[in-house]
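**Q** Spelled out, the chains give:
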Amino acid sequence: MATLELIVSEEVVAGPLVRSRRLGLLFWMAIGWMLFVFAVAILAPVLPLPSPTDMDMLERRAPVSALHWLGTDGLGRDELARLIYGARISLTVGLFAPVIGLAIGGALGILAGYFRGRFETLVVGSMDVLLAFPPLILALAVTAYLGQSILNLTCILGVLGIPAFMRVARAATLTLARREFVIAAQALGATHARILVRELLPNVMLPLLAFFLLGVAVTIVVEGALSFLGLGVPPPISSWGSMIGEGRESLEIAPQLAFIPAMALFLTVLSFNLVGDTLKALTDPRQSAL
Amino acid sequence: MSGPALLSVEGVAVDLPTARGNLRAVDGVDLTVGAGRTLGIVGESGCGKTMLSRAILQLLPKKAKLIGRVLFDGQDLVRCSPEALRKLRARSLAVVFQDPMTSLNPVLTIGTQLIETLREHLELDALQAKKRSVELLAAVGIPAPEQRLTQYPHQLSGGMRQRVAIAIALSCEPKLLIADEPTTALDVTIQAQILDLLAREQRRRHMAMILITHDLGVVAGRTDEVAVMYAGRVVERAPTHALFKNMRMPYTEALLSAIPKLDAAPHTPLPAISGRPPDPTRPIKGCSFSPRCRYAAGPCHRDKPQLTGAETPDHQYACFHPILIAAGVTA
Amino acid sequence: MMLDSSRFPTSDPLLKVENLVVEYAVGGKTIHAVSGVSLEIARGETLGLVGESGCGKSTLGRAVLQLRSAVSGKVRFDGEELTAMHGERLRRMRRRVQLIFQDPIASLNPRRKIGDIIAEPLVIAGYKDAKKRHELVCEVLSAVGLDPTLVMGRLPHEFSGGQCQRICIARALVLNPEFIICDEPVSSLDVSIRAQILNLLEEMKARFALTLLFIAHDLAVVKAVSDRVAVMYLGRLCEVGPSEQLFARPAHPYTALLIEAIPVPDPDVRPAESVPAGEPPSPIAPPSGCRFRTRCPRADQQCASEVPELRQVAPGQYVACHHPLT
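So the protein sequences, as listed, match chains A, B and C. When we follow the working numbering, the leftmost residue of the first sequence carries the number 1, and every step to the right adds one. When we follow the working numbering, the leftmost residue of the second sequence carries the number 1, and every step to the right adds one. When we follow the working numbering, the leftmost residue of the third sequence carries the number 1, and every step to the right adds one.
Hint data in this document are derived by calculation from the structure and do not stem from the laboratory. Because the structure is a prediction, the values reported are computed rather than measured. None of the hints are false.
Listed next, the in silico DSS-like pairs over lysine-lysine satisfying Cα-Cα at most 30 Å (straight line):
#	chain 1	residue 1	chain 2	residue 2
1	A	K280	B	K62
2	C	K205	B	K261
3	C	K113	A	K280
Just so you have them, the derived chain A footprint on chain C, three or more residues with Cβ under 8 Å:
#	region
4	100-109
5	112-124
Note that CB positions come from ideal geometry on N, CA and C, so glycine has one too.
Based on the sequences and whatever the hints tell you, model everything.
**A** What follows is the structure, given as structure tokens:
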């Protein structure tokens with residue numbers, strides 16, 4: 001009779017490789033900041049803040065005080081309130097735009113990488129066309145034509161992000177679709193839909209998510225740049241970018257008006273980058289070779 | 001052993017820190033290789049044979065810790081300066097690895113890689129180096145050697161690439177060649193050719209060779225001495241003929257019987273070894289092979305057997321119940 | 001051997017391959033992977049298919065399962081033509097034919113639990129009852145020597161190569177197929193594990209009354225499990241015959257070369273001074289006539305101009321050679 005081994009519990013298996021060595025202090029600090037910003041942004045209406053649009057012409061560019069924790073801006077509006085409400089805008093655009101890219105670009109990429117052939121050529125070609133447009137000019141053109149609003153801004157930034165997500169998804173799918181477990185699924189008679197959803201998607205999802213976080217960081221900066229140029233969110237809505245733009249005028253007298261929102265932007269983008277990078281490093285399912 | 005040993009590995013142990021704890025890849029190995037002799041090191045994956053070869057070549061990963069001495073031609077390689085080591089490599093100590101696609105630089109031509117090695121170590125000028133390269137390629141059996149000099153590794157087949165790797169290794173007339181699974185990635189007919197080539201060159205140059213493999217068939221006809229490794233230690237060491245005819249260590253016996261033989265009838269069940277090679281991060285108390293050994297008894301599970309060679313000093317084994325005794329035959 | 005006679009009602013072959021040709025384009029060039037291969041596998045038999053890398057044996061295996069499209073030729077399984085089936089009919093046929101791969105770890109989705117992976121064929125086949133599925137999965141895991149309770153909830157990377165191969169075998173068996181193609185199932189495993197898996201395959205074959213096509217490049221491994229052996233070279237069959245006979249008296253020079261080249265673990269057997277046989281030609285531009293002629297010591301003009309066909313040289317043994325050894 002064949003010698004079969006029945007696994008005895010002690011010698012069973014190597015335990016899952018301990019991965020938490022990679023999650024250092026910096027990672028947790030980044031998570032902490034992100035959670036803080038999110039919490040504050042979501043809870044903004046219930047927080048005891050002065051209104052961000054109330055102008056107090058007598059207290060313009062006031063320094064830090066008990067009434068105004070971060071002072072006031074050039075039009076007497078409370079800086080802290082503006083910062084927090086600005087976070088809402090930056091985060092909204094920053095999160096929803098890449099979601100559009102992830103959903104559409106990711107889907108196109110997986111399909112292109114799996115089916116290959118003419119479909120793939122078509123997808124890659126059209127993405128190349130989209131990439132060829134200078135993004136800021138395109139954003140300018142669209143907002144000039146359709147008007148400035150948060151919705152328009154989110155949509156255009158979302159569409160601009162589609163090619164990048166497509167590429168990430170396609171690259172991941174190309175390596176995976178050739179591996180034996182996909183062929184095994186085909187040999188079992190699985191439909192294409194089943195293979196795409198059950199075999200490929202769980203494996204492609206993690207690199208996509210890591211890229212998504214980096215995309216959030218980039219989008220926040222781009223939105224900031226557009227608002228800085230006055231092409232982003234329309235006044236009186238303020239985002240961090242427009243605050244930096246307005247603070248530019250007062251750089252000599254009250255530099256904090258530009259630096260505070262810039263600092264907030266910097267810390268938030270850095271956190272998203274850190275978390276995204278760490279996730280990217282973790283999503284490699286190969287164990288480290290000895 | 002005739003003459004002083006060219007290479008003497010004494011008490012070498014290699015520790016690797018990993019996420020799962022300390023990994024003892026090599027656990028106290030003693031080996032010697034005489035000038036012009038071939039030593040075969042046989043073992044399955046995870047037995048430490050590759051780490052051992054890296055330890056000898058001083059090419060261990062940075063995190064690894066090496067204990068012991070590696071004496072080559074009188075010098076302790078462990079204590080050598082990087083400059084001295086560099087001079088030794090290629091001129092005295094050469095390596096052929098398993099996968100020629102990754103051991104050859106894919107963006108440099110064959111000619112560049114050969115000529116570079118020659119000029120670096122033998123201080124030849126460009127013309128001499130080129131001439132010598134062509135000679136070397138012809139010697140390893142590559143047809144149309146002049147044309148090959150301008151080709152890239154990916155333009156050659158696996159067997160050809162391995163020949164080039166051997167040519168580079170032999171270019172500076174080393175005293176010792178370490179071949180780490182040189183034919184595992186090749187087809188069986190090409191395997192035979194490459195092994196013949198190595199044996200031929202070794203005889204011609206009176207070179208010592210260490211042949212590392214997992215295939216007992218490869219060492220049977222082509223080595224003077226064989227060391228069998230398991231879980232980081234040498235468990236049996238003997239002149240080749242003695243090893244196959246009088247094996248002592250149950251692991252060696254089990255390994256040999258587990259190989260399907262060409263002269264056996266189809267559908268004969270193979271005497272497989274139950275269980276799996278041990279996890280190097282979880283050392284086993286007692287003899288590492290005891291969970292899988294059919295002769296294992298009391299002391300096997302408690303103490304680690306040391307390498308001894310009671311009756312025949314040439315033939316050493318690490319076992320409390322070597323086969324002859326277990327079968328009830330007095331040695 | 002428990003041969004389920006209800007499985008072998010007739011004596012006509014379970015699998016019949018007729019003149020299969022598979023080619024594919026790589027960067028503008030055509031690779032002639034399989035060039036007109038015909039073979040038959042009887043019910044309950046194990047046919048070993050042996051050859052070196054590039055001979056097309058893996059491609060043939062995939063083409064038989066319709067995972068690669070053939071340029072021409074037919075594949076008949078149990079009398080029905082697989083090459084003519086599509087969509088739902090083909091998917092239903094797949095339940096009766098399964099495949100085991102060379103790299104066991106790559107054959108398993110790294111993000112799915114073992115229990116789900118093995119249940120997958122059942123789900124695809126339409127088994128709606130989760131309890132029944134669980135039962136079948138446990139049964140088949142025990143059959144391959146793994147403890148279901150310890151294995152089902154884990155991920156593939158927690159297992160060794162040998163264990164993963166057992167899991168792949170379990171997955172191939174869960175639907176109780178009739179025919180399994182094993183594509184180099186033990187090549188990437190250690191020697192001691194190889195023997196275990198080969199024994200397991202033999203046991204499973206007996207228990208589940210399987211017919212096997214065993215593809216490998218290691219002659220000794222193929223001989224150990226096969227009833228008949230077919231030798232392939234550069235897309236064509238060289239020789240087919242019963243295992244013992246083929247190895248004892250090979251008729252094709254390539255078969256003889258393969259046998260000679262195997263390293264024998266016996267120090268008294270001197271390795272034969274290998275014929276300076278050169279390298280196998282590329283499948284992009286295979287030689288005319290007999291494809292082995294560039295390495296064959298017996299080759300002549302006829303070999304260059306005429307393609308040799310398989311003809312019988314001994315009972316049950318067929319060879320495609322103008323100058324066979326016997």
